[in-house]
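Protein chains: 2
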Amino acid sequence: MRPRIYLFGDSITEESFTDGGWGSSLANHFSRTMDVVLRGYSGYNTRWALKVVEKVFPPPERGGVPMAVTVFFGANDACLPDRCSGFQHVSVDEYRKNLHAIIAFLKKRWPSVRILLITPPPIDEDGRLQNPFVENESGLPERTNEAAGRYAKACLAVAAECGIPAVDLWTKMQQIPGWQKAYLRDGLHLNKGGQRVVFEEIILGLKGAGLSLETLPVDLPLIAEIDPKDPMKSFEN
Amino acid sequence: MRPRIYLFGDSITEESFTDGGWGSSLANHFSRTMDVVLRGYSGYNTRWALKVVEKVFPPPERGGVPMAVTVFFGANDACLPDRCSGFQHVSVDEYRKNLHAIIAFLKKRWPSVRILLITPPPIDEDGRLQNPFVENESGLPERTNEAAGRYAKACLAVAAECGIPAVDLWTKMQQIPGWQKAYLRDGLHLNKGGQRVVFEEIILGLKGAGLSLETLPVDLPLIAEIDPKDPMKSFEN
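Which chain is which? The protein sequence lines are F and E, in order. When we follow the working numbering, the leftmost residue of the first sequence carries the number 11, and every step to the right adds one. When we follow the working numbering, the leftmost residue of the second sequence carries the number 11, and every step to the right adds one.
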């Protein structure tokens with residue numbers, strides 16, 4: 011059976027199959043080697059994710075063992091508690107504990123599974139004020155970059171504690187001037203540039219975990235390997 | 011377990027997760043309702059597809075029962091036998107028989123599965139001459155639109171014989187003037203416009219088979235349904 015990678019996360023994952031999205035780019039990249047399966051839940055924080063994780067993933071006897079799972083939460087946990095999206099807020103301490111519990115669940119269910127943690131992206135506060143999800147007359151963004159950074163740091167700490175790889179999107183994206191508009195479309199969600207960065211970073215992260223086009227077997231003979239003079243020979247076994 | 015649709019076909023399927031591709035559009039459309047799983051094999055005709063179909067799909071006890079399968083072959087079967095891609099040619103009679111056998115296999119494995127047949131797209135012969143896959147000094151295209159049309163007609167006949175729905179891409183695409191450049195990038199494969207047509211036609215075909223956002227259950231509560239004053243209530247059951 012072809013290996014499978016689950017993409018587990020919030021809206022940034024749920025939107026990953028839009029035009030040029032990182033999920034579709036992964037599916038295209040691994041088109042003959044790995045199934046890319048979407049499990050994105052807009053608005054979810056780690057508290058809600060942990061509550062539903064049993065339902066999100068099929069039991070081993072029904073779904074087989076996935077090769078990898080990306081776990082990409084924090085953008086909603088990091089909503090400030092006293093602002094207009096405060097009901098999504100989870101403290102950074104609870105975020106850490108929830109990530110640990112999600113990882114423990116995945117490792118218990120599938121001991122061999124590779125987990126790749128992804129930090130929340132940086133926040134462009136001006137972009138958030140221009141594109142509020144809900145009515146926001148306070149003049150204050152519901153998320154700040156400083157808060158997102160604390161969750162990103164906690165995410166990296168969890169990865170280190172568990173000995174699993176992580177993509178530090180928060181830091182990576184801030185490395186170029188103008189990242190606010192180069193990578194984000196509304197101060198939080200990815201535009202095409204941001205989708206590209208996430209795709210490239212995940213490819214690198216998976217490669218580090220031993221999963222790449224060089225190591226994964228190709229599903230069935232490639233057209234370039236089929237002998238035009240005797241095509242059926244390729245299908246004998 | 012979330013329902014699944016397999017996309018089974020040749021390069022036009024294998025490429026369906028490129029930017030704006032019909033596969034990624036389907037995955038995005040069904041992001042909270044259905045898994046879209048790629049099984050595209052560049053260059054394959056129905057003879058080769060039939061030879062590998064057992065390996066392409068997991069046995070029922072391991073992979074569960076998919077909700078639907080799109081079967082999208084014919085572009086390679088329709089290569090002319092005496093031209094430069096002749097080794098991919100399959101006669102229109104054999105194409106019919108092979109499609110019947112693929113459908114019989116799928117129905118036997120999963121009696122409840124919905125199958126959606128898709129005809130090959132029309133061929134822009136000029137586009138093929140400008141973008142040959144292999145060296146072609148003959149001045150003649152390896153595929154013609156007339157031949158593709160015969161396979162499309164056979165595909166529709168098979169669908170009618172089996173009582174299953176079909177998307178008549180060959181006819182649909184030729185309904186607008188300039189379809190050659192509006193929908194195809196090399197006389198055969200889809201550009202963004204063509205990807206869009208395939209996506210829209212498949213959505214219609216699936217809707218006709220009872221599969222749509224209106225009928226499929228949403229996987230876990232939507233953010234809009236979660237009470238901001240008591241979010242955990244949504245996750246009690």
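Among the hints, erroneous ones may be present.
In this list, chains with the same sequence are indistinguishable; a pair is considered to hold if it fits within one copy or across any two.
Here are the simulated DSSO-like pairs of lysine-lysine, each with C-alpha atoms no more than 27 Å apart in a straight line [stated by the list, open to error]: (1) K239 / K61; (2) K191 / K118; (3) K217 / K163; (4) K118 / K202; (5) K65 / K239; (6) K191 / K202; (7) K202 / K61; (8) K239 / K118; (9) K239 / K117; (10) K118 / K182; (11) K182 / K65; (12) K243 / K107; (13) K65 / K243.
In case anyone wonders, no lab produced these hints; they're calculated from the structure. This one's a predicted model, so the numbers in the text were calculated from it and none came from an experiment.
Hints, verified against the model:
Taking the closest pair of Cα atoms, K239 and K61 come within 27 Å of each other only across two copies (18 Å); inside a single copy the shortest separation is 57 Å, beyond that limit. Taking the shortest alpha-carbon separations for K191 and K118, neither the intra-copy value of 40 Å nor the inter-copy value of 53 Å comes in at or below 27 Å. Proximity of K217 to K163 under the C-alpha cut-off of 27 Å is restricted to the intra-copy arrangement: shortest distance 23 Å within a copy versus 45 Å between copies. Proximity of K118 to K202 under the C-alpha cut-off of 27 Å is found in neither arrangement, the shortest distances being 36 Å within a copy and 43 Å between copies.
Proximity of K65 and K239 under a CA criterion of 27 Å is satisfied inter-copy only: 24 Å between copies versus 50 Å inside one chain copy. Taking the shortest alpha-carbon separations for K191 and K202, both the intra-copy value of 11 Å and the inter-copy value of 25 Å come in at or below 27 Å. Within a single copy, K202 and K61 get their C-alpha atoms no closer than 31 Å, and across copies no closer than 40 Å, so neither meets the 27 Å cut-off. For the identical chains of this complex, K239 and K118 are neighbours neither inside a copy (50 Å) nor across copies (33 Å), given an alpha-carbon limit of 27 Å.
Taking the shortest alpha-carbon separations for K239 and K117, neither the intra-copy value of 48 Å nor the inter-copy value of 33 Å comes in at or below 27 Å. In the homo-oligomer, the alpha carbons of K118 and K182 never lie at most 27 Å apart, since the shortest distance is 31 Å inside one protomer and 50 Å across protomers. Within a single copy, K182 and K65 get their C-alpha atoms no closer than 32 Å, and across copies no closer than 41 Å, so neither meets the 27 Å cut-off. With identical chains, the CA atoms of K243 and K107 are at most 27 Å apart between copies only, with a shortest distance of 21 Å across copies and 55 Å within one.
With identical chains, the CA atoms of K65 and K243 are at most 27 Å apart between copies only, with a shortest distance of 16 Å across copies and 44 Å within one.
Consistency with the previously given hints fails for numbers 2, 4, 7, 8, 9, 10 and 11, ordered from lowest to highest.
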